[in-house]
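**Student:** Following the hints, put chain B in place on chain A, whose structure we already have.
Protein chains: 2
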Amino acid sequence: MTSIWFLLLHLYYPLFIVVDALEKVSSNGDEEAGAAGGVAAVEHNEMSNLHFDNRSHSFQFLEFDWHHVSTPCIAAFWILLASVSKIGFQKCKNICGVFPDCALLIVVGLIVGFVLYKMNFEYASHSLDSQFFFLYLLSPIIFGAGYFMPNRTFFDNLGSIVVFTMVGVLWSTFAIGISLWLIGRTGIFTAEIPLLHVLLFSSLISATDPVAVISLFDEIHVNKLLFTTVFAESLLNDAISVVLFRLFKSFLPIGIENMRPMDCAAGFLSFFVVALGGVLIGVIWAAIVGFMTRHSKEVDVVRPVFVFVLPYCAYLAAEMTGLSAIIALVVCGIAMKPYVKLNIPASTMNSIKYFVKVLAEISEAVIFLFLGLSAIRRHQWDFAFILLTIIFCVVYRTIGMIIPAYFLNKFRLVPYSKVDQFVLAYSGNRGPIAFGLVIGLPDSIPAKDLFITATIAMIYFSVILQVSIK
Amino acid sequence: MTSIWFLLLHLYYPLFIVVDALEKVSSNGDEEAGAAGGVAAVEHNEMSNLHFDNRSHSFQFLEFDWHHVSTPCIAAFWILLASVSKIGFQKCKNICGVFPDCALLIVVGLIVGFVLYKMNFEYASHSLDSQFFFLYLLSPIIFGAGYFMPNRTFFDNLGSIVVFTMVGVLWSTFAIGISLWLIGRTGIFTAEIPLLHVLLFSSLISATDPVAVISLFDEIHVNKLLFTTVFAESLLNDAISVVLFRLFKSFLPIGIENMRPMDCAAGFLSFFVVALGGVLIGVIWAAIVGFMTRHSKEVDVVRPVFVFVLPYCAYLAAEMTGLSAIIALVVCGIAMKPYVKLNIPASTMNSIKYFVKVLAEISEAVIFLFLGLSAIRRHQWDFAFILLTIIFCVVYRTIGMIIPAYFLNKFRLVPYSKVDQFVLAYSGNRGPIAFGLVIGLPDSIPAKDLFITATIAMIYFSVILQVSIK
Numbered sequence: 001m002t003s004i005w006f007l008l009l010h011l012y013y014p015l016f017i018v019v020d021a022l023e024k025v026s027s028n029g030d031e032e033a034g035a036a037g038g039v040a041a042v043e044h045n046e047m048s049n050l051h052f053d054n055r056s057h058s059f060q061f062l063e064f065d066w067h068h069v070s071t072p073c074i075a076a077f078w079i080l081l082a083s084v085s086k087i088g089f090q091k092c093k094n095i096c097g098v099f100p101d102c103a104l105l106i107v108v109g110l111i112v113g114f115v116l117y118k119m120n121f122e123y124a125s126h127s128l129d130s131q132f133f134f135l136y137l138l139s140p141i142i143f144g145a146g147y148f149m150p151n152r153t154f155f156d157n158l159g160s161i162v163v164f165t166m167v168g169v170l171w172s173t174f175a176i177g178i179s180l181w182l183i184g185r186t187g188i189f190t191a192e193i194p195l196l197h198v199l200l201f202s203s204l205i206s207a208t209d210p211v212a213v214i215s216l217f218d219e220i221h222v223n224k225l226l227f228t229t230v231f232a233e234s235l236l237n238d239a240i241s242v243v244l245f246r247l248f249k250s251f252l253p254i255g256i257e258n259m260r261p262m263d264c265a266a267g268f269l270s271f272f273v274v275a276l277g278g279v280l281i282g283v284i285w286a287a288i289v290g291f292m293t294r295h296s297k298e299v300d301v302v303r304p305v306f307v308f309v310l311p312y313c314a315y316l317a318a319e320m321t322g323l324s325a326i327i328a329l330v331v332c333g334i335a336m337k338p339y340v341k342l343n344i345p346a347s348t349m350n351s352i353k354y355f356v357k358v359l360a361e362i363s364e365a366v367i368f369l370f371l372g373l374s375a376i377r378r379h380q381w382d383f384a385f386i387l388l389t390i391i392f393c394v395v396y397r398t399i400g401m402i403i404p405a406y407f408l409n410k411f412r413l414v415p416y417s418k419v420d421q422f423v424l425a426y427s428g429n430r431g432p433i434a435f436g437l438v439i440g441l442p443d444s445i446p447a448k449d450l451f452i453t454a455t456i457a458m459i460y461f462s463v464i465l466q467v468s469i470k
Numbered sequence: 001m002t003s004i005w006f007l008l009l010h011l012y013y014p015l016f017i018v019v020d021a022l023e024k025v026s027s028n029g030d031e032e033a034g035a036a037g038g039v040a041a042v043e044h045n046e047m048s049n050l051h052f053d054n055r056s057h058s059f060q061f062l063e064f065d066w067h068h069v070s071t072p073c074i075a076a077f078w079i080l081l082a083s084v085s086k087i088g089f090q091k092c093k094n095i096c097g098v099f100p101d102c103a104l105l106i107v108v109g110l111i112v113g114f115v116l117y118k119m120n121f122e123y124a125s126h127s128l129d130s131q132f133f134f135l136y137l138l139s140p141i142i143f144g145a146g147y148f149m150p151n152r153t154f155f156d157n158l159g160s161i162v163v164f165t166m167v168g169v170l171w172s173t174f175a176i177g178i179s180l181w182l183i184g185r186t187g188i189f190t191a192e193i194p195l196l197h198v199l200l201f202s203s204l205i206s207a208t209d210p211v212a213v214i215s216l217f218d219e220i221h222v223n224k225l226l227f228t229t230v231f232a233e234s235l236l237n238d239a240i241s242v243v244l245f246r247l248f249k250s251f252l253p254i255g256i257e258n259m260r261p262m263d264c265a266a267g268f269l270s271f272f273v274v275a276l277g278g279v280l281i282g283v284i285w286a287a288i289v290g291f292m293t294r295h296s297k298e299v300d301v302v303r304p305v306f307v308f309v310l311p312y313c314a315y316l317a318a319e320m321t322g323l324s325a326i327i328a329l330v331v332c333g334i335a336m337k338p339y340v341k342l343n344i345p346a347s348t349m350n351s352i353k354y355f356v357k358v359l360a361e362i363s364e365a366v367i368f369l370f371l372g373l374s375a376i377r378r379h380q381w382d383f384a385f386i387l388l389t390i391i392f393c394v395v396y397r398t399i400g401m402i403i404p405a406y407f408l409n410k411f412r413l414v415p416y417s418k419v420d421q422f423v424l425a426y427s428g429n430r431g432p433i434a435f436g437l438v439i440g441l442p443d444s445i446p447a448k449d450l451f452i453t454a455t456i457a458m459i460y461f462s463v464i465l466q467v468s469i470k
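Taken in order, these protein sequences are the chains called A and B. With UniProt numbering, the residue at position 128 of the first sequence is 128, and numbering never jumps. With UniProt numbering, the residue at position 117 of the second sequence is 117, and numbering never jumps.
There could be a bad hint or two in this list.
Put simply, identical chains are the same to the list, so a pair is met inside one copy or across any two.
[Claimed, not checked] Subject to a maximum C-alpha distance of 25 Å in a straight line, what follows is the list of computed SDA-like cross-link-like pairs (lysine to any residue): (1) LYS410 / MET166; (2) LYS93 / GLY290; (3) LYS418 / ASP300; (4) LYS337 / ASN350; (5) LYS418 / ALA287; (6) LYS249 / ASP420; (7) LYS297 / ASP101; (8) LYS297 / GLY97.
Rather than coming from a laboratory, the hints here were simulated on the basis of the structure.
Next comes chain A alone, as it looks inside the complex (with noise of 0.2 Å):
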C-alpha cells in the first residue's frame, strides 16, 4: 500500500519533464520563427492559436495544460523533495547519521541534476537563479537568525565581533586576492586572471556564510558566546563583503589604472554607508512592526502579516538602495522581538515562532538541494587555481582570527580559549551566498566559469570540513 503511495508521488514529476520536453520539442519551431520580430511572433503565435482551435473541432474530456501551472509546480516539487529528503535522512539514521543534513542535500541535488542533465534538460530551467536566492530563498533563514539571536550576548560581545569581521575579510580578501594573483603571474594557471577580477572572486569568497554557520551549528553543539561570536560575524560578513564586491564591480569598466585616490576613498567610505545604511533601516522598519502590531489587536488574522511581511519590506528596501539588506533584516528581527513580545499574545507568538521556523528550515533545505543540483554545469577546472583557494581561504582564515583574538584578549572580561579560537578559525564555513554572488558576476569575465567551479569546490570542502569537526 505504502509502496503505490511513493511510486505515484515520484512518478508525478518526471511525467511533467516529459511532457514540457516535447512541448519544448514541437515549439521549438514557434520560437525560431518568433526570434525574427516582435510583431511577426505575435502574429504568428494568433495564426497558430487559431490553426489549433480549428484542429480540436471536438469536445475534449480532458485537456494537459502545463505550462499554465508549471511555476507552482515546481516550486512544490522543490520544497516535497527537500522535505522528504529531511525525513528519509532520520529515517535511515544509522547510514546517514554520520554526515549532516546539508551534504546529504547536496548529494541529492547532485543526483536529480544529475538525472535531469542525462534527460537533457535545460540548465537554466533547474539552477538556482542570483536573484531568486537572495529575494526569496536567503530572506527567511536571515529573519529567523535574527530573530532568535540572543540580544544580550549580541550586544555584549559586540566590539569583538566587529573587530573580527573588519579585519577577518578585509585581510582575507586582499590576502587571498594577491596571493592568487601573484601566483598566477608565474603561469601555472590555464589562464592570466587580471587583478581586479581575482580581487572580485576573492572578496565573494572571503566571507563566512550565515547560512553554512547555521547548519554546522545545528549539527556541533558550542557555547552561547561562540555561537554569537562566529554567527554575528558571518552576518556583518555581509556588510563588508557586498561593499567590496560593488566595490570591485564598479572599477571593471573603468580598470585598475585609471582608478583614481577618490575612487579608493569612496569605497572605504561606502563601508559605513551601507553598514549603518542597513542598520537605520533595520531599525525604522522595527519600529513600524512595533506600532503595527500594538494597533491589530481586533483583527487577529493581521498579526503574523506585520511580523512576516514588514521585515521583508526592511530587507527589500536595503536590497533596492544597495544597503546592506542582511544587516537590515537581522537589525529588524532583533530591534522588533521586545516589542512584538509586549503586543502579540502567547498563542499566536507561538504559532507565528513555529512558522519563522519552519520557513527557515525549509528554505535552508531547498538551498542546500539546489547547490548540489547546480553544480552539474558546464565546468572550468583549474586544479591549481582551486586547490590553492581552499588552502589561503582555511590558512588566511586562521590567521585573520588568531592574531585578533590575542589583542582582544588583552581587553575582554572573558578571553577567547585556545578552543574557542579553534572554532573561531574552523567555522569560516564558506556557502551559498558566495555561490548566489558568483553566478551573478557578469558575463564579461573570462574566468568566471572557473570562479563558479571554484566557488562550489570551496563550499563543498566546507561541508566536508563540518563533518570532521563533527
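**Tutor:** Positioned in the frame of chain A, the structure of chain B alone reads:
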C-alpha cells in the same frame, strides 16, 4: 510620533511608483528598438549596458534598483494595504460598521485604482490577472473552506446540495442566456451578441461564488445546515460552471450551426468526468497527506509543508488536467482532516489551523481590493444589458432555489423553512471567480468588455445586497 510612521508607510509606495514611471519613460526608446528583432534587441541591450558602465566612472554610494525588487515589493504592498485596511475598518467601527468588510475593501481598491489611473499607470501592471487569481489567490480560501467544513452536516445533506447545484446552475445558465439573447434580438442592446457568446457569459455569471458566500456568512450568522448547504452548493457550482464555460468556449471556433449531437453528449458526460475526476484527485492527495504526516514524527518542521503543499498539489493537478480544481481541493481538505488530526500533535495543529485562517482571510481581502482596483478600466456601458443581467440573475436564482426546495422538502427529515428558502435564494452572490473567468475570455469575443462591465456590476450589486440583508 504615530503620524510620522503613517506618513512613512504611505509615502513609500508612491516613491516607488514615481521611480518606476521615470524608468518607463527613459526605457521607451529601448523597447521600441527592441521590438525590431530578437537578436538585434539583445545586442542593443548589451550596447546600452556598456554605455551605462562607461558613463558611471566613479563609485556610486547608493544605487536605486527598483526593477530588481519590484515583484515582491508590489506583493508586499497589496498584502499590507489589505491588512492596514482591515485594521482601519475596525478602528472606525461607528462609520464603517454598517458595511461589510468586502464592500469597504472594494472602495479602497477603487480609490487606489483611481489614483493609479490619474497617474497614467499602465492598467496591466495593477489589474487582477486571471491566471494569478486562480493559481495563487483562490486556493488558500478554498482550502481553508474545505478544511473547516463541518463534515457531518455536509455528508448528511449531500443529496439536497447536489440537486440544488445541478438544477440551479444549469437552469440559471440557459434561462439567463436565452432570455438575454431573445431580448437582444429586439435590438435594444447596443450590439447584437451571438447566442454562443451570451451563453458563455451566462455560464460564468450563473454560479454562486464560494468567496462571496464566505464573506457574506462572516457578516450574518445562520444555522449550520443553511451555511453548509449554501457553501457546499457554491463550491460544487464551480464544477458545473467550469464545464459549461469550457464547453461553450470549445464551441466558439466550431459555431453553433456546426455542432453535432456527439458534442452535446460529450459535454453532458464531461460534467461527471470533471466533478468525479476532481473528487478522485482530492482523495488521492488526501491519502498522500495522511501517509506523509504519519511518517513525519521525527522532523517537526516538515509537517506544515505536507498540510499546505500537498493539497495545493491536488489543486494544481486538477487545474492542469482541466478537472475541477475547487472540488479537488475541498475534497482533499475534507478527507485529510481525520488523518491530520491523528498524526500531528495538537499544539502544532493549532499553529497550522491559525495559518490556514490567516492565509485565507488575507487572500480574500486582497481579492476584494483587486476587484475594486480592476474596475477602473475602459468600460463598455450598455445599461439595458447590465440591468437585465442583474434582474435575470436574481429572478432565476429565486426560481431555481424555491422549486427544488419544494420538491426536496417532501423527502427531507428536516425541511427547509420559508426563511431558509429566502436566504437560499438571496445568498446567490456572484463574486471574484466570475471576474476571474470573464477576464480570461478570449479577446476574439467582441462583447468581452461589455461582459466584464456587466460582471463587475453584478458583483457590486451582490455586495450591496449583502448590506441590505445584514
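**Student:** Each hint: holds or not?
**Tutor:** Against the structure, the hints:
1. LYS410 / MET166: Cα proximity of LYS410 and MET166: one copy only (18 Å, versus 83 Å across).
2. LYS93 / GLY290: between (43 Å within a copy, 23 Å between copies)
3. LYS418 / ASP300: neither (50 Å within a copy, 36 Å between copies)
4. LYS337 / ASN350: both (13 Å within a copy, 22 Å between copies)
5. LYS418 / ALA287: Answer is neither; intra-copy 41 Å and inter-copy 54 Å both fail.
6. LYS249 / ASP420: Close neither inside one copy (35 Å) nor across copies (70 Å); limit 25 Å.
7. LYS297 / ASP101: Result: close only across copies, 17 Å inter versus 40 Å intra.
8. LYS297 / GLY97: Close across copies (17 Å), not inside one copy (46 Å); limit 25 Å.
Checked against the numbered hints given earlier, this structure breaks hints 3, 5, 6; the rest are met.
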